[in-house]
Amino acid sequence: MESLQERSSPSKEGASMPTEDKRWRLVNRTMRLHGNQPHALIETLHSVQEYFGFLDPDALKYVANSLRVPLSVVYGVATFYSYFTLQPPGEHTCVVCKGTACYISGASGILGSIAKKVGIAPGETTPDGKVSLLTARCLGSCGLAPAVVLDGQVCGKMTPTAVLDRMEVWRNEETSERVPLRGEVDEP
Amino acid sequence: MTLSIEDLEGIARIEKDKRESFTYQINVCVAAGCLSCQSGVLKEAFEKEVSRRGWENWCSVKGVGCLGLCAAGPLISIQPDGTYYRGVGAPDVSEILESLGGAPIPRLDCASSRPFFEQQPKIVLENSGRIDPERIEDYIAEDGYKALYNALRMMRPSEVIEQVLASGLRGRGGAGFPTGVKWTAVAKASNGNKFVVCNADEGDPGAFMDRSILESDPHRVIEGMAVAAYAVGANTGFIYVRAEYPLAVQRVRTAISQARHLGVLGNNVFNSQFSFDINVRLGAGAFVCGEETALIASIEGRGGRPRPRPPFPAEFGLWGQPTLINNVETFANIPPIIRKGGKWFATIGTEKSKGTKVFALAGRVNNTGLIEVPMGTTLREIVFQIGGGIPGDRAFKAVQTGGPSGGCIPEQFLDMAVDYESLASVGSIMGSGGLIVMDDTSCMVDVAHFFMEFCMSESCGKCVPCRVGTSQIYHLLNRITKGEGKLSDLDMLEDLSDLLKNTSLCGLGQTAPNPIMSTLRYFRDEYVAHIEEKRCPAEACKIHEAREAV
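If you read the sequences in order, they're chains A and B.
All you need for this note's numbering is the position in the first sequence, starting with 1, plus 2.
All you need for this note's numbering is the position in the second sequence, starting with 1, plus 209.
Please note: incorrect hints may appear among the correct ones.
[Unchecked claim] Computed footprint of chain B on chain A, listed as stretches where at least three residues anywhere in the stretch have a Cβ under 8 angstroms from a Cβ of chain B:
id, segment
1, 43–51
2, 83–89
3, 138–148
4, 153–162
[Claimed, not checked] Examples of chain B residues lying across from chain A (beta carbon under 10 angstroms, computed):
id, residue
5, 244
6, 454
7, 494
8, 509
9, 612
10, 656
11, 711
Treat the hints as calculated values from the structure; they're not laboratory data.
No residue lacks a Cβ here, since even glycine has one placed at the ideal position from N, Cα and C.
Looking at chain B on its own, in the form it has when it is part of the complex:
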């Protein structure tokens, strides 16, 4: 006998009863951001103090995933009051325990950041900051693995795919390919052993959504992968995660072993014919491995170099077998879609972009952290309401989305509703969800230079346009930031960008010129100032120092 629905419901009931027996729950964020502000020590201090006072029976202390407002760590939330405290240290523990049931402590209260916590209807992050990511029981109490049960016991694989198609979910890795269409292609492929791969090689500098999801709610991704495997007919899965995220790796490994132990991974899950297991593979610091064919090469133990498509991985993927590759956030959307139906999901978002998007909000903004907003939210709401505006009330200059493959969006588009199409129309991309805010101290030429340096050193070197083109663009930009550029360089930049975009083998090269093209389009005057007046309007480039040194 394997796990039954009664077992699952039993676990959920015990867990819920246990929760209800506590009058107060103190949730301490133990995601990587807060852990590096000593939230681990803080959690221990709470546990010690609660037990010293003999309050264990009515006050629980729990380590939870990301609460979102990473800039103000360590964060804690107190339930059922819904109070959030920021920058909490071990000396504050007694005072917080004393205040339970009374008014919040003004000194630590996140009252000024209210919009941050209240303006986010969460789907992917619904459990983040609420459950203990290292306990499968906590996930099960939040309807965890119910979607898998529903899929396995009440739906045919084709019906699962129909729900995903109806939801309108599109790939959250950046390109926005409809997930249901991808699943259909893999399901239709007839030969051999199929594979499901979760792409957690979050290489974009300035993006940490996937890391936070894996650290805060790893079972959700495992469940999403299992549902996908059932839908397409695969028995083996891989999670390809960056080695630079040790905590995420550890939590995913813990979650997989718990899932195996309980029987939601393994043979004959929920007494069905379905068997599935997941392996973890570590990335090794190559940005290009986010490209699916390069990722496949890397899982096979080779250097991560892309190959031309077609054949697409759906027909010819891992070890030549049909392979489904989706991003972490895409899989994390699957369990709620199966539980609540594709139609429900399709009511959220814009006409062509459904659901929500998780963004990593960073740069020159007050509330840096992890946010989730419905598709179609405007940039102004994201930056000025949820993000709380720019520190020191400086002037907003641009938002950069999509990392090295995206572009800089200037102020005139602040009221644009964010979805895949609108971002593309202004020369950027959705990307995986990094959203970097820049103020008037950021030089746009310097930003373009920074991204081109990134693409140049991350180019795998297989195709000439990318290998040579990124290097040529980099040197041109280098010259301009040093105040040694010529106006004709700008034409050359445009020509080279066009060449890269149209002739590179994979997405890395094809999108590498985006930061240049978008800054040339909206901030050409800054380039001209560097060239003609030999000055950097934002005073970020060291033109004067460079000239004095000569």
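One chain only, chain A, in its complex shape:
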């Protein structure tokens, strides 16, 4: 099947980096550690997402060329696994755990109140780009149910009010101190 795929032949150093962004070197490092082999695909996508926040089409093409994997396969893997996202995240992220213990302890109430007050469903970002809402299958913090991850910090025994208050604070912030994403820096 692979022989039918049209692939651009990588140069000696591999495919050229999409931009001058230094983070690509970190991605290259991951690929090099795995000998630039096709089986490094998932590890490489993890790297891209870790440094850039999401996987955009240019990144997918670059990874496909560098590892000599058909772009269709790269796209297939990126969309098969729920951890990977092709959409840029909002400035802040709120991940509601939907594991069994959290479900029993009221995670759906938290999601319901966010939908009601903020108007976003899991997987969506507020129109102002401030807050993304995601769900997790299980954070493994079942002892703290219901658990919510607010900007990377696991918060246990949450209530709808506590989550909504935090979102309100985020949405009223003037600007974010986060490093701008790749697209924001390099595109004219």
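Mind docking chain B on chain A? Use the hints.
Chain B in isolation, oriented as in the chain A frame:
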């Protein structure tokens, strides 16, 4: 020269001397549960205060793995008194230091949770909450890597397998396949480069045993894998761990680099012919990757879709080579089995299920957290003694084991001894060890609905029964929870469940109907109430709201 047993014993002696030089040890839990209650800040506060008082020489502060009672974090334990304090904050630090040597502080004492700490004879978690997971020396002081030395220098690979066979250890990932038999199959496979894979893709919602083991005692898993690799003749290992567990990933990586540095991983370990190294691979949020053939596909960098077995991974696994795949907890059981012998291990547990099992106790129970009990412990002991009963003294309704592949066990089986066979006989499975307690506020139809939604969206889509069947069952359940079901739907649910169970390609589809079948068997009246009376007995389903909205 590589590492020798004298080097190992030397490290252990220095570490033990250092420990004995302290009159008091304050162990602060730094596993993920307590860290999210700010135990990191607490540990720093203790360190600062101890050094401000100039007590460094006789009072040590150590970050340790999971102490178990995750609901009451941050937890600390004070040795040698054996006092446990719950919900400790930075303002309590001075008071705790003042109380050393005196009576425990009643306000923070875990005295009411005594049974939780005392009724657990620990094997897998013996070091959890006692050693610093980020220091290999601490593990070595607890006889760490001695099993590997014994295996490499005093036993033939076949003798290692004999011990594992004699122990009666069965796979802790859920299916309960005898570990020794699996090892024998891989050892007998003659061709090529063999691999050892540790399955740490703990996807069951409501289960966190593997995460805690990796966070609390990562070297134990590495040692278990190395012994396995020697027994089956492999030189490369992989730990496939969920990306959702960043702390576990970090600690495993730290542990691997320490082990390489010391020489317990690498070439000619303990001056033997044995060479072994471990790589970490991250999962990416696909539940089906817990299935071994899907896991192999994922390590190879492909989408995690299972393939039919046979050929089993023992003959045709990673890159077509013979591959041994075991769960985290299975590997964690190996070092004590090699150190103390298979016969010792076989004295614990029931006739067909040996050893202990780690459970993640969660849901409507007072002492949520991580527990380890011998096989054969009754559910009543687990829920009401170790678990401390149900909050608010509400009525117990069911225990759910095995996550989306398991079933709900009602009150009449509370006195049943838990092992692989007994759980299967009541329509559930051991699973990886999630144990969710439900009280009368939980609706069983809603729980079945929840798990079916999970299986539907986690189905990889390769085989039709699972892809279409889970979706059909989900929609039927959806209708029932909205109060729009018909009695004939229940027959259809049973037919579809039967179809899925018998015709799906892999374990995900084959076991997906378990939550439906078990709730239909024991809680049929709740389904009927939703359908005929249009009401939810637990008042969990929004039937009234849905009807009013129409």
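Hint check:
no.	hint	result
1	43–51	holds (count 5)
2	83–89	holds (count 4)
3	138–148	holds (count 10)
4	153–162	holds (count 4)
5	244	holds, 8 angstroms
6	454	holds, 6 angstroms
7	494	holds, 3 angstroms
8	509	holds, 5 angstroms
9	612	holds, 7 angstroms
10	656	holds, 8 angstroms
11	711	violated, 26 angstroms
In summary, the one numbered hint that this structure violates is 11.
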